[in-house]
Amino acid sequence: DVKVTQSSRYLVKRTGEKVFLECVQDMDHENMFWYRQDPGLGLRLIYFSYDVKMKEKGDIPEGYSVSREKKERFSLILESASTNQTSMYLCASRATNEKLFFGSGTQLSVL
Amino acid sequence: AQKVTQAQTEISVVEKEDVTLDCVYETRDTTYYLFWYKQPPSGELVFLIRRNSFDEQNEISGRYSWNFQKSTSSFNFTITASQVVDSAVYFCALNSGGSNYKLTFGKGTLLTVNP
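In order, the protein sequence lines correspond to chains U and X.
Position 82 of the first sequence, counting from 1, maps to 82 under my numbering, and the rest follow consecutively.
Position 7 of the second sequence, counting from 1, maps to 7 under my numbering, and the rest follow consecutively.
Just so you know, the hints here were simulated from the structure itself, not pulled from any lab data.
Computed from a prediction, not measured in an experiment: that's the story for all the values here.
Be aware that one or more of the hints could be misleading.
[Said to hold, decoys possible] In silico EDC-like cross-links for lysine to aspartate or glutamate, where the CA-CA straight-line distance does not exceed 16 Å:
| # | chain 1 | residue 1 | chain 2 | residue 2 |
| --- | --- | --- | --- | --- |
| 1 | U | Lys70 | U | Glu30 |
| 2 | U | Lys55 | U | Asp38 |
| 3 | X | Lys70 | X | Asp86 |
| 4 | U | Lys53 | U | Glu69 |
| 5 | U | Lys71 | U | Glu22 |
| 6 | X | Lys38 | X | Glu56 |
| 7 | U | Lys99 | U | Asp28 |
| 8 | U | Lys71 | U | Glu30 |
| 9 | U | Lys3 | U | Glu79 |
| 10 | X | Lys107 | U | Glu98 |
| 11 | U | Lys70 | U | Asp38 |
| 12 | U | Lys13 | U | Glu79 |
| 13 | X | Lys3 | X | Asp18 |
| 14 | U | Lys3 | U | Asp28 |
| 15 | U | Lys3 | X | Glu59 |
| 16 | X | Lys107 | X | Asp29 |
| 17 | U | Lys53 | U | Glu72 |
| 18 | U | Lys53 | U | Glu30 |
| 19 | X | Lys102 | U | Glu22 |
| 20 | U | Lys3 | U | Glu17 |
| 21 | X | Lys102 | U | Asp51 |
| 22 | U | Lys18 | U | Glu72 |
| 23 | X | Lys102 | U | Glu56 |
| 24 | U | Lys99 | X | Glu44 |
| 25 | X | Lys102 | U | Glu30 |
| 26 | X | Lys3 | U | Asp59 |
| 27 | X | Lys70 | X | Glu10 |
| 28 | X | Lys107 | U | Asp38 |
| 29 | X | Lys102 | U | Glu98 |
| 30 | X | Lys70 | X | Glu56 |
For reference, chain U alone in the conformation it holds in the complex:
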């Protein structure tokens, strides 16, 4: 079975801190995604990557950046965390046009 692992289930950070959310997949998938899930808003795409070092902005990239130095790892970076970035962050991976496999999510609280 495909495994998508997010490094932390819960994370608490201070405003202004630099935050790294890590995601690793073990199925050699080309595509990896970062979503944000908020009540009433569903899942919104922050960034996705279709290959190593390749990335594209999703619907809400402001305040975020990403890094994909290796195929299996896709990192989401909050350069200077703000309270409005408190949310559930979901990482996913897939082969092209195939189904997404999701990690279990990271609930980030920014105080």
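Fit chain X to the given chain U structure using the hints.
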């Protein structure tokens, strides 16, 4: 642009009732894929089904069935004889051919099945 609308924010049923979750999509592409995902209280999204735009056959998997109608741009999901374990948030999603990588999700429907 692609869009997915799940008009039902919350649905509550009693166990053994049938329930249908609606999904309406918009895309200009002729090639696209539709998905349903389930998110139980544990939080991890679970894949349920993928359907491509050229396959309009309805599908049944146990108590689950899906009705894909291109004429109305809908991909509805029915649970027959619902059970408490079906309680979850259900998301419909669209991946259209013009944007090979991007999957657009609806806002989800919270289904609560009461004993």
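Cross-check of the supplied hints:
Only pairs whose Cα atoms come within 16 Å are accepted, and Lys70 of chain U paired with Glu30 of chain U is accepted, the gap being roughly 11 Å. Between Lys55 of chain U and Asp38 of chain U the alpha-carbon distance is near 23 Å, which puts this suggested pair outside the 16 Å criterion. Proposed proximity of Lys70 of chain X and Asp86 of chain X is contradicted: the alpha carbons are some 27 Å apart, above 16 Å. With a C-alpha separation of about 6 Å, the suggested pair Lys53 of chain U and Glu69 of chain U falls inside the 16 Å cut-off, and the hint holds.
At most 16 Å may separate the alpha-carbon atoms for a hinted pair to count; Lys71 of chain U and Glu22 of chain U meet this at roughly 13 Å. Between Lys38 of chain X and Glu56 of chain X the alpha-carbon distance is near 22 Å, which puts this suggested pair outside the 16 Å criterion. At roughly 14 Å between alpha-carbon atoms, Lys99 of chain U and Asp28 of chain U fall within 16 Å of each other, so this suggested pair holds. Note on Lys71 of chain U and Glu30 of chain U: the hinted pairing holds, with a Cα-Cα distance of about 7 Å set against a maximum of 16 Å.
Our distance criterion of 16 Å between C-alpha atoms is broken by Lys3 of chain U and Glu79 of chain U, whose separation comes to about 27 Å. Of the pairs offered as hints, the one joining Lys107 of chain X and Glu98 of chain U is violated, with about 21 Å between alpha carbons and a cut-off of 16 Å exceeded. With a C-alpha separation of about 29 Å, the suggested pairing of Lys70 of chain U with Asp38 of chain U is violated against the 16 Å cut-off. For a cut-off of 16 Å, the pair hint linking Lys13 of chain U to Glu79 of chain U stands: about 12 Å separates their Cα positions.
Among the hinted pairs, Lys3 of chain X with Asp18 of chain X is inconsistent with the structure: their alpha-carbon atoms are about 27 Å apart, more than 16 Å. Proximity of Lys3 of chain U to Asp28 of chain U is assessed by CA-CA distance (about 11 Å); at most 16 Å being required, the pair is judged to hold. For the hint linking Lys3 of chain U to Glu59 of chain X, the alpha-carbon distance of about 27 Å lies beyond 16 Å, and the restraint is violated. Of the supplied pair hints, the one linking Lys107 of chain X and Asp29 of chain X is violated, its CA atoms being roughly 22 Å apart against a limit of 16 Å.
Distance hint between Lys53 of chain U and Glu72 of chain U is fulfilled; the C-alpha atoms sit about 12 Å from each other, no more than 16 Å. Taking the CA atoms of Lys53 of chain U and Glu30 of chain U, the gap is about 11 Å. The hint holds against a cut of 16 Å. Between Lys102 of chain X and Glu22 of chain U, the direct Cα distance comes to roughly 20 Å. Violation of the 16 Å bound is thereby established for this hinted pair. The suggested pairing of Lys3 of chain U with Glu17 of chain U is violated, with an alpha-carbon distance near 29 Å, which exceeds 16 Å.
Between the alpha carbons of Lys102 of chain X and Asp51 of chain U the distance comes to roughly 14 Å, so the proposed pair stays at or under 16 Å and holds. Taking the CA atoms of Lys18 of chain U and Glu72 of chain U, the gap is near 22 Å; set against the 16 Å cutoff, the hint is violated. For the hint linking Lys102 of chain X to Glu56 of chain U, the alpha-carbon distance of about 10 Å falls within 16 Å, and the restraint holds. With a C-alpha separation of about 14 Å, the suggested pair Lys99 of chain U and Glu44 of chain X falls inside the 16 Å cut-off, and the hint holds.
Distance restraint check for Lys102 of chain X and Glu30 of chain U: the Cα-Cα separation of roughly 13 Å lies within the 16 Å cut-off, and the hinted pair is therefore satisfied. For the hint pairing Lys3 of chain X with Asp59 of chain U, the CA-to-CA distance comes to about 12 Å; that is within 16 Å, so the pair holds. The straight-line distance between the Cα atoms of Lys70 of chain X and Glu10 of chain X is roughly 25 Å, outside the 16 Å bound, and the hint therefore fails. The hinted pair formed by Lys107 of chain X and Asp38 of chain U meets the criterion: a straight-line CA distance of about 9 Å does not exceed 16 Å.
A C-alpha spacing of about 11 Å is found between Lys102 of chain X and Glu98 of chain U, which places the hinted pair at or below 16 Å, so the restraint holds. Simply put, Lys70 of chain X and Glu56 of chain X have alpha-carbon atoms about 7 Å apart, close enough for the 16 Å limit, and the pair holds.
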